[in-house]
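*Asks:* Protein sequences, first through last, are from chains A, B, C and D. Mapping of the first sequence onto the numbering used here: residues 1 to 348, in sequence order. Mapping of the second sequence onto the numbering used here: residues 1 to 348, in sequence order. Mapping of the third sequence onto the numbering used here: residues 1 to 348, in sequence order. Mapping of the fourth sequence onto the numbering used here: residues 1 to 348, in sequence order.
Read the hints as simulated data drawn from the structure, not as lab findings. Any given hint might turn out to be false.
A pair holds if it fits inside one copy or across any two, identical chains being indistinguishable in the list.
What the hints assert, rightly or not - Taking lysine to any residue pairs in the SDA-like style, the calculated list, with each CA pair at most 25 Å apart, reads:
(1) K119 <-> H170
(2) K119 <-> T90
(3) K119 <-> E322
(4) K119 <-> A319
(5) K119 <-> A162
(6) K119 <-> L141
Number of protein chains: 4
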Amino acid sequence: MTRLHDPAAHTFASDNYAGAHPEVLQAMIEANGGHVASYGADPYTRRLGEVVAEVFGEGASLDPVLTGTGANVAALQALVPRWGAVICATTAHVYTDEGGAPERLGGIKLLTVPTPDGKFTPELIDRQAYGWGDQQRPQPLAVTITQSTELGTVYTPDELRAITDRSHAHGMTVHLDGARLANAAASLGVPLRALTRDAGVDSVSLGGTKNGLVLGESVVTFSEEARAGLVFLRKMDAQLASKMRFTSAQFLAMFEDDLWLRSATRANAMATRLGAALASLPGVTITQAVEANAVFVVLPIEAVEPLRAAHHFYDWNRATGEVRLMCSFDTTEEHVDRLVADLRALLG
Amino acid sequence: MTRLHDPAAHTFASDNYAGAHPEVLQAMIEANGGHVASYGADPYTRRLGEVVAEVFGEGASLDPVLTGTGANVAALQALVPRWGAVICATTAHVYTDEGGAPERLGGIKLLTVPTPDGKFTPELIDRQAYGWGDQQRPQPLAVTITQSTELGTVYTPDELRAITDRSHAHGMTVHLDGARLANAAASLGVPLRALTRDAGVDSVSLGGTKNGLVLGESVVTFSEEARAGLVFLRKMDAQLASKMRFTSAQFLAMFEDDLWLRSATRANAMATRLGAALASLPGVTITQAVEANAVFVVLPIEAVEPLRAAHHFYDWNRATGEVRLMCSFDTTEEHVDRLVADLRALLG
Amino acid sequence: MTRLHDPAAHTFASDNYAGAHPEVLQAMIEANGGHVASYGADPYTRRLGEVVAEVFGEGASLDPVLTGTGANVAALQALVPRWGAVICATTAHVYTDEGGAPERLGGIKLLTVPTPDGKFTPELIDRQAYGWGDQQRPQPLAVTITQSTELGTVYTPDELRAITDRSHAHGMTVHLDGARLANAAASLGVPLRALTRDAGVDSVSLGGTKNGLVLGESVVTFSEEARAGLVFLRKMDAQLASKMRFTSAQFLAMFEDDLWLRSATRANAMATRLGAALASLPGVTITQAVEANAVFVVLPIEAVEPLRAAHHFYDWNRATGEVRLMCSFDTTEEHVDRLVADLRALLG
Amino acid sequence: MTRLHDPAAHTFASDNYAGAHPEVLQAMIEANGGHVASYGADPYTRRLGEVVAEVFGEGASLDPVLTGTGANVAALQALVPRWGAVICATTAHVYTDEGGAPERLGGIKLLTVPTPDGKFTPELIDRQAYGWGDQQRPQPLAVTITQSTELGTVYTPDELRAITDRSHAHGMTVHLDGARLANAAASLGVPLRALTRDAGVDSVSLGGTKNGLVLGESVVTFSEEARAGLVFLRKMDAQLASKMRFTSAQFLAMFEDDLWLRSATRANAMATRLGAALASLPGVTITQAVEANAVFVVLPIEAVEPLRAAHHFYDWNRATGEVRLMCSFDTTEEHVDRLVADLRALLG
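The following block holds chain A by itself, in its conformation from the complex (with noise of 0.2 Å):
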């Protein structure tokens, strides 16, 4: 087959504009050749177990899945029975951005919450956590948060554990979406474990798509209850990869060396970098925090479209003009570098 595309394009578009990382693409080739038993009874994913283990503590289970959807239905799904409601914020890509899969596939009522910054508090949950009983509401039993959010903000452990704590307190669990986790806990300098299961998580959708990987989503679970019943979900909600080995040893590659970090560090990197550029220049509003990898700006109006040319990046808010610029783990200063140069060139 022949090579399509420029491999040195960038974008600043979405972090799965970009390609697989060299290394997983590397360990593919290593888990190759020859005969193993497939669903998963395989060696790659026999050590992925062990090295989860390491990572997250002992009792730990990932369960590797295949979209980052098929990850929060299946999770959302063993972490509540048939009747049980998600709180969730308004902005949650759970909400927005899957297709409906989490009611249509999942059956799972999302009972919403407006965020200022995409980030809950206790306060904020409070405000669907009731109608325990109530036959006519679907019972909150869980709630999922995004960590990093969908804002690019963080949560910090002491907040996620306020979060966990009230949740817990009203009977309830909590999944924590984390296509982007590993962004946060390079941007917090604390292991992946201080922003789960140590911040009182119960089941996480672990990401591997976004940091690098070709195709590579999971469940992380901490517990027996919040496990229930997943590998069969997983089969129903049509995520069993046959040849497991490929999507075990890409996980392998994301944990071994800390690749997981090393990509992430980079992306916030440079995100910081951008933002920091950004904010000094005329006109030009950081909406953000610049927490992760991710900025959220408002352009002035004429700069948007001839910027976008060069550099494609989505639109957030058509209607203040505001935008959000991804970095991933292959942006280098370069490309942060030229946007700026740009989008000053444009400004005069």
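Once you've looked at the hints, dock chains B, C and D against the given chain A.
*Replies:* For chains B, C and D alone, coordinates are given in the frame of chain A:
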């Protein structure tokens, strides 16, 4: 990441015990690097569209998905409305091996018919083709067949045409589960198109993984009706890969230089060789015609476990001692001959 | 069976605290005895079809179902395909009060818009009317509105027409949740047809229970498209009564001698009387226009519980002290005047 | 409303062709008038709870629902988690006659077993009772049986106990579809409790409509586990009546003065009389033991249509000429004798 398995190991367990064909991994490496648009707006997916139009004719579409279960569910959801039911064989993978996904994820009622050899006929279809307009009966609006079948048998183009004609006469569409369509086409020496579009099939789950991909399945359709809503269903069924360039690149590798045909031809030839050799042994009964890459055989009971220890295969029917021996794209004459020699030795 | 309640008791809690209108029970007695075909093939259901054609015009169909939730779910499932989403107000009963049935039973994604008074406008619809063709967005293909609304307000025929015109221009159909449609028609002094078919509405959940039936709801449609699959959906949504003669007889009683109008007119008149009397009291604020059979009012906080003890009603907003007072077909001037007198006494 | 049918008409088509027992309608009239709380917080539903504890013993609960399909779906959803499957007979109503509701509304995979007479045995259950822990197999976690069966046969308490013991030994619960449980109890001369709770059954769909109610079904459970989430499931399955007093009043009428028993005894006696008379006629073959209120019989082919024109009944198997004759609470000796006389005349 370190290799954890023996790349020389071989089994007769399943074609998903095999790894990926090296040309497939090479295509993924070519597709890597730089940024391209996600969710299918990349040059590899675009090129794949052109290749599909060459292979299946103008107007054909191939939408990549992630699992065979996901392909079947999304394809059937696109074919029938909420109140539609789908007729299938009692042995169909979609009915027995997909964790209830068609019913539970897809909301599709399956109406089953026992078949002698996994193959439908117009007469067998008629057993469930009734009750349109009866408000208490799920409305039979599609038929799904498997090619090559779960029993290693193959439909000829004429047999397919008889089925699709009858189904269409009843106002029902026809879906083909082609997880091993390549093996059927190789067996019959006809192009993929002859077994699908030209035979009147409306929608196909075209498999890649069992033919040598890392991970890749797809839905191929030949009309706007059969593809209605498919891209939305793909997302809500959690089958949409963000870095789709890698899935599409695998399919491109499969179609280029007829890799699909080379791989299927080899697997089939090994099954033929195996079947012929086994048939000549005393006390051994071949139970299904060997028409693709599987051999169904009743072995002398005392030979089963020792042989399994060395070559690994699955029971098909414990009551009768029938086992299934599956050949893959990487099965060699040596693998086959070794199994036959081992069995001959066991039989004394 | 012995009577266990006080038949003179009255509340302002809900129109489903009332029993059935005596003419309704009389119709059930008439329909009893002997054998008639089940599942709708009886003379009462047949006659109902004729009556419906008189009320709503040729080509209109009424399919009896069992609950308001069931009516809404089946009607919406018939209107939109699996990938369709439905736009509704944040206060819509279908979103807040149906136990998640539309999402979980119906597989329908709801796209919500906050409204000031429970009423949609073309501009409010536009807030969610976008993204057709975007594979990650549930496709907005229908709008559902409530008449009279959950806040006791009423759409005029012109307001409805503006909504249906805009929706149709977007390629979306319009469903009307008419659990209290009778109250709206009585309020405006127009026939049911003027608020539905003639206003461009495609499908209606026409309520019976809140208008004085024992148990009976229905889906009214005006085209084959809007009714597609409805009888199959009714069965698979567990809404098909076997002895349908009794449900149909209730609806016949409702339409004959304009019982629906007499009942709704009385309930509305009592709400008007109540609203007017309350508005004249010091410290009492009517919060929504009294256009149907509900009065939304903020009462002096110290009066709420004593008044509730005698007249029973529900809180609408605990934060503001807003309560909802609901009038029924059997509410009398005396009931209203007694509540007002009691409140006046409490206010000193 | 005018009467539109002949109250003297009688058929052998189905027990839902009959109307309601006059005592049932009288109970609804008693329950009418004035205001009581809706959704089950009324004195009739409260009293029903006490009666149920008398009939089935302390700790038993009866939750009214609206259709047999709704009862079965909600009961099974409460018994098994999302990944659970339910074993049933191939002839089970839940599998063949409910429009796919268990699968599509309930998300429940049904695992079927052919039975000779509609009755399960421990050995038949074992045919599907395997595969726990196999991630690709829907997990068999409950068994559902029908009493009296779809073929008019009856399980004895000992037969039930054998089934529940085997099921429980497998870790599976047992649901009983009791649309005609009254007929079975009347046939065996035992209380309802002997065929349910005392026989180890966990959950029952207790039918009312076929026993003479206007409209009323229910789920009866004997433990908190079997009832888990049932009231929430009832709402989300659209089975919650707002004016529940009327449903509960019907059930009170059914239990008071043993109306259920009187009605079932009469229907059974008529079937016995009919079966005995038919068996004595030449060329007539009774095909199932007449143990409840149904007679399955093969009639001489030339007699079928003339007899059907006068007495209306359904074909059971067109290939063999087998028909089903159903007796109801209002079937009389005269009805039976007239059919027999007519048949005798036809046979010359």
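*Asks:* Please flag the earlier hints that this structure goes against, numbers listed from lowest up.
*Replies:* Those not satisfied: there are none.
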